[in-house]
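Take these sequences, add in the hints, and give me the full structure.
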Amino acid sequence: MSSTKILAIETSCDETSIAIVENGTKVLAMTTNTQISTHAKYGGVVPEVASRMHAENITIVLNETLEKANLKLEEMDAIAVTYGPGLLGSLLVGVNFAKTLAYIYNKPLIAVNHLIGHIYANNLENKLEFPLLTLIVSGGHTELLYMTDEYKFKLLGETLDDAIGESFDKVAKVLGLPYPGGPIIEKLAKEGNDFYKLPLPVNDGTYNFSYSGLKSSVLNLVNNEKMHGKEIRKEDLAYSFQKRAVEEVCIKINKALDEYNVKQLVVAGGVSANKYLKEKLEDVCQKYNTEVTIPSILYCTDNAAMIGAAAYYLYQKKIYADLDIDACSYLNICD
Amino acid sequence: MYSLLIDTHSNILNIVLFKNQKVFGILSKETPSQSKLLVPLIQNILEEKKVKIKEISQVIVVNGPGSFTGVRLGVTVAKTISYCLNIPIKSISSLDLLALSTEIKDNYSVAIRDPKGYYIGEYSATKSLLKEYSYISNNEFLTYASKNIIIKDIPINWNNIYKFEFLKDEDQYNIKPLYIKKIEVEK
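Top line first, the protein sequences correspond to chains D and R. The numbering of the first sequence is my numbering, which starts it at 1 and goes up by one. The numbering of the second sequence is my numbering, which starts it at 1 and goes up by one.
No wet-lab data here; the hints were simulated from the structure. Backbone N, C-alpha and C define an ideal beta-carbon position, used for all residues, glycine too. A couple of the hints might just be wrong.
[To be verified] To spell it out: a stretch of chain R is covered by chain D in this simulated footprint if at least three of its residues, at any positions, have a beta carbon under 8 Å from a beta carbon of chain D; those stretches are:
no., stretch
1, 28-36
2, 79-86
3, 157-163
[Said to hold, decoys possible] The calculated lysine-lysine pairs, modelled on BS3-like cross-linking and capped at a C-alpha distance of 27 Å, are:
no., chain 1, residue 1, chain 2, residue 2
4, R, K176, R, K54
5, D, K170, R, K187
6, D, K170, D, K243
7, R, K163, R, K182
8, D, K5, R, K105
9, R, K168, R, K152
10, D, K107, R, K49
11, D, K72, R, K54
12, D, K41, R, K181
13, R, K105, R, K131
14, R, K52, D, K318
15, D, K72, R, K176
16, D, K226, D, K197
17, R, K181, R, K116
18, R, K19, R, K127
19, D, K107, R, K29
20, R, K181, R, K90
21, D, K68, R, K54
22, R, K147, R, K181
23, R, K176, D, K68
24, D, K41, R, K176
25, D, K275, D, K170
26, R, K147, D, K173
27, R, K54, D, K5
28, R, K52, D, K107
29, R, K52, D, K72
30, R, K187, D, K41
31, D, K107, R, K54
32, D, K107, D, K318
33, R, K90, R, K54
34, D, K127, D, K275
35, R, K90, R, K152
36, D, K170, D, K280
37, R, K182, D, K41
38, D, K72, R, K147
39, D, K255, D, K152
40, R, K131, R, K29
So this is what it looks like as structure tokens:
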């Protein structure tokens, strides 16, 4: 079998990442320049700053990746890039960079949906087996989809307001924790107990999620306690919040497993790094004899290897983009 | 010897091809989306002039000030070309571009407008820059314009690019757009 090498580029948020992926499954090299420490100073990602840093770093990241793999751009079979969804200014840098490479070396250009990238990240470690359910949980997305085959998606439900990762970050901010707050909440929760009474998630019988109510009740609780001069027990609040947030997910997964007979539950996106979530999902899936697959940290946060993994199918089907393709900050998985 | 100039600082996207430092071809297009057209226009001009991208031996980028997104994309594409073809990259500012396009024989100021104000460059009659570029609000500009000779919205004389000392040698890893105007988090 001949090998296909795809150079993949991801700049949709605050990571400048470039990888070379062979046959959609093997990462030959990857370099990721993270901007977290810069944005931490501002308490969150500043889009203009993110775009500037992508533009400054992109050829440096490319050069490092090629050196690691000991490969030349001429040896690539295609150039793949995230074209959405994400921060527009950041996406534009990656897209124009990719177009320039595709033009100079006369290689096919492959436009990849960032969310599909997160799902296909699993192919780097554990092959996707259809039919499957996929849960995307990140700072920008909370979506549950049913897949019958490669690139065949059916959206079952999505968040009606905040994304789950966004709610983690916002609650962290209320508790005065630094950005990005998600991982810190998880850490604190390990030391906490279910002391605070937070409302249970609304079970409306659909597959949709909602996180703004939970976030508001945390905010109200903190304000109330402050007004009564009480110290907030951060560990306990982190525990109670995380428990409710994850419960919301588990209710929907349970319902989906009742309705759909699937081989796998594929979890994708930054929040899939949360161990408590993983544990609870495994509990649910065990009853249905369904395997839970979650990429390792390296591939569940934003990275270019997942874009190369998702691009491979499009490459095989010769689904290429033209050089006048633009970035799209809003993009659905089913588009 | 061919060089390729990329100008994305305004809503008019200019791609200029030079042969032996003289204009050999120009493509200008007014567009709200630099991102969509930048690379296709480079492809178009080279095809039209029957020049291969690998025959380009120098890339020049107008690195601002102007549209943040525009100059960032111009710089990104220019430095990528410089990296891939291993050719030198040079920059020229959008203000210098206008400064070298006027024949005025007195000290003058070049102004480039954006929605909230103007980028300003001050030049001597011999086209040397008198002080650092600045950004002033629309209100400040009214007073400023009453006291200075203002050059703005004039056609660019691309043939003058190589005649004056405005082209700056850059390193493709370190070249930066000239943003000039401060963003909220920098204030």
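Consistency of the hints with the structure:
no.	hint	result
1	28-36	holds (count 3)
2	79-86	holds (count 6)
3	157-163	violated (count 0)
4	K176(R) x K54(R)	24 Å, holds
5	K170(D) x K187(R)	24 Å, holds
6	K170(D) x K243(D)	16 Å, holds
7	K163(R) x K182(R)	32 Å, violated
8	K5(D) x K105(R)	59 Å, violated
9	K168(R) x K152(R)	22 Å, holds
10	K107(D) x K49(R)	22 Å, holds
11	K72(D) x K54(R)	16 Å, holds
12	K41(D) x K181(R)	21 Å, holds
13	K105(R) x K131(R)	18 Å, holds
14	K52(R) x K318(D)	26 Å, holds
15	K72(D) x K176(R)	26 Å, holds
16	K226(D) x K197(D)	16 Å, holds
17	K181(R) x K116(R)	11 Å, holds
18	K19(R) x K127(R)	25 Å, holds
19	K107(D) x K29(R)	26 Å, holds
20	K181(R) x K90(R)	22 Å, holds
21	K68(D) x K54(R)	26 Å, holds
22	K147(R) x K181(R)	22 Å, holds
23	K176(R) x K68(D)	26 Å, holds
24	K41(D) x K176(R)	22 Å, holds
25	K275(D) x K170(D)	20 Å, holds
26	K147(R) x K173(D)	50 Å, violated
27	K54(R) x K5(D)	23 Å, holds
28	K52(R) x K107(D)	15 Å, holds
29	K52(R) x K72(D)	20 Å, holds
30	K187(R) x K41(D)	14 Å, holds
31	K107(D) x K54(R)	15 Å, holds
32	K107(D) x K318(D)	12 Å, holds
33	K90(R) x K54(R)	17 Å, holds
34	K127(D) x K275(D)	21 Å, holds
35	K90(R) x K152(R)	24 Å, holds
36	K170(D) x K280(D)	22 Å, holds
37	K182(R) x K41(D)	17 Å, holds
38	K72(D) x K147(R)	57 Å, violated
39	K255(D) x K152(D)	21 Å, holds
40	K131(R) x K29(R)	32 Å, violated
The structure is inconsistent with the numbered hints 3, 7, 8, 26, 38, 40, although it conforms to all the rest.
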